[in-house]
Amino acid sequence: METVERWTTRSDAWTAEDDKKLADIVLRHIREGSTQLSAFVEAAAQLGRTPAACGYRWNGIIRKHYEDQVQEAKKQKKERLAQMRARGRKRRLDHQWNIEAVIQSLRAWEEVQRRLERQNYELKHLVAELQDKVKTLEEENRRLREDGPLSQVRQLQEDSKEFLALMDRARRLFQDMDEKRPSAVPSED
1105 METVERWTTR SDAWTAEDDK KLADIVLRHI REGSTQLSAF VEAAAQLGRT PAACGYRWNG
1165 IIRKHYEDQV QEAKKQKKER LAQMRARGRK RRLDHQWNIE AVIQSLRAWE EVQRRLERQN
1225 YELKHLVAEL QDKVKTLEEE NRRLREDGPL SQVRQLQEDS KEFLALMDRA RRLFQDMDEK
1285 RPSAVPSED
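Numbers in this note's numbering are just positions in the sequence shown, counted from 1, shifted up by 1104.
The hints are simulated quantities; they were obtained by calculation from the structure and are not laboratory data. Glycine included, every Cβ here is placed at the ideal spot set by N, Cα and C. Treat each hint with caution, since some may be false.
In silico DSSO-like links for lysine-lysine, alpha-carbon gap of 30 Å or less [claimed, not checked]:
{"id": "1", "residue 1": "K1265", "residue 2": "K1284"}
{"id": "2", "residue 1": "K1125", "residue 2": "K1182"}
{"id": "3", "residue 1": "K1237", "residue 2": "K1168"}
{"id": "4", "residue 1": "K1124", "residue 2": "K1168"}
{"id": "5", "residue 1": "K1179", "residue 2": "K1228"}
{"id": "6", "residue 1": "K1168", "residue 2": "K1179"}
{"id": "7", "residue 1": "K1182", "residue 2": "K1168"}
{"id": "8", "residue 1": "K1239", "residue 2": "K1228"}
Label-pair distances were calculated between CB atoms; the ranges are [stated by the list, open to error]:
{"id": "9", "residue 1": "E1215", "residue 2": "A1186", "range": "32 to 42 Å"}
{"id": "10", "residue 1": "K1239", "residue 2": "A1274", "range": "49 to 59 Å"}
{"id": "11", "residue 1": "G1137", "residue 2": "D1236", "range": "52 to 62 Å"}
{"id": "12", "residue 1": "L1185", "residue 2": "A1156", "range": "21 to 31 Å"}
{"id": "13", "residue 1": "I1207", "residue 2": "T1154", "range": "50 to 60 Å"}
{"id": "14", "residue 1": "L1230", "residue 2": "L1185", "range": "47 to 57 Å"}
{"id": "15", "residue 1": "L1220", "residue 2": "G1164", "range": "50 to 60 Å"}
{"id": "16", "residue 1": "L1268", "residue 2": "V1238", "range": "52 to 62 Å"}
{"id": "17", "residue 1": "L1220", "residue 2": "V1174", "range": "32 to 42 Å"}
Using the sequences provided together with the hints, build the complete structure.
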């Protein structure tokens, strides 16, 4: 008994409302000529379950309660398809080509071609302008690399090295001078 109670109180148990939604979705898909697999995918999204769980529930439990509705949905699907075929035949019969229709069609295509040629011309000019802008930007980029802050930093580093070398040379000269200078004679007082 405990196992049955646990099974009936599961948090993911199917409710009557879930079963009704699943049935409505599957029947609609049948009427519209869609597949049951598509119905299971849609139902899964709406019910928060997997398509496999929806398919299992439909085929194992719910379908037998809806056999009459399934047959009615299949009948509606056939009628709908027959109506669509009849409309398609009627359209083909109503649409007779004559010379005037052909001329109108050609004029419409001629206008489309003119519009496309105009767009092509404009796009070619836009491409040329953008290519010129790219060249200008590349030149500016090159100039900035050569004359910009980085080159100034390099020049400053070189100047600093030269200055430090000069200072070092001056220090050595003073040291040499100090060493060569005669020592001061103490004064006689």
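Now for the hints, and whether the structure bears them out:
{"no.": "1", "hint": "K1265 with K1284", "result": "29 Å, holds"}
{"no.": "2", "hint": "K1125 with K1182", "result": "24 Å, holds"}
{"no.": "3", "hint": "K1237 with K1168", "result": "72 Å, violated"}
{"no.": "4", "hint": "K1124 with K1168", "result": "13 Å, holds"}
{"no.": "5", "hint": "K1179 with K1228", "result": "58 Å, violated"}
{"no.": "6", "hint": "K1168 with K1179", "result": "18 Å, holds"}
{"no.": "7", "hint": "K1182 with K1168", "result": "22 Å, holds"}
{"no.": "8", "hint": "K1239 with K1228", "result": "17 Å, holds"}
{"no.": "9", "hint": "E1215 with A1186: 32 to 42 Å", "result": "39 Å, holds"}
{"no.": "10", "hint": "K1239 with A1274: 49 to 59 Å", "result": "50 Å, holds"}
{"no.": "11", "hint": "G1137 with D1236: 52 to 62 Å", "result": "57 Å, holds"}
{"no.": "12", "hint": "L1185 with A1156: 21 to 31 Å", "result": "29 Å, holds"}
{"no.": "13", "hint": "I1207 with T1154: 50 to 60 Å", "result": "58 Å, holds"}
{"no.": "14", "hint": "L1230 with L1185: 47 to 57 Å", "result": "50 Å, holds"}
{"no.": "15", "hint": "L1220 with G1164: 50 to 60 Å", "result": "58 Å, holds"}
{"no.": "16", "hint": "L1268 with V1238: 52 to 62 Å", "result": "43 Å, violated"}
{"no.": "17", "hint": "L1220 with V1174: 32 to 42 Å", "result": "52 Å, violated"}
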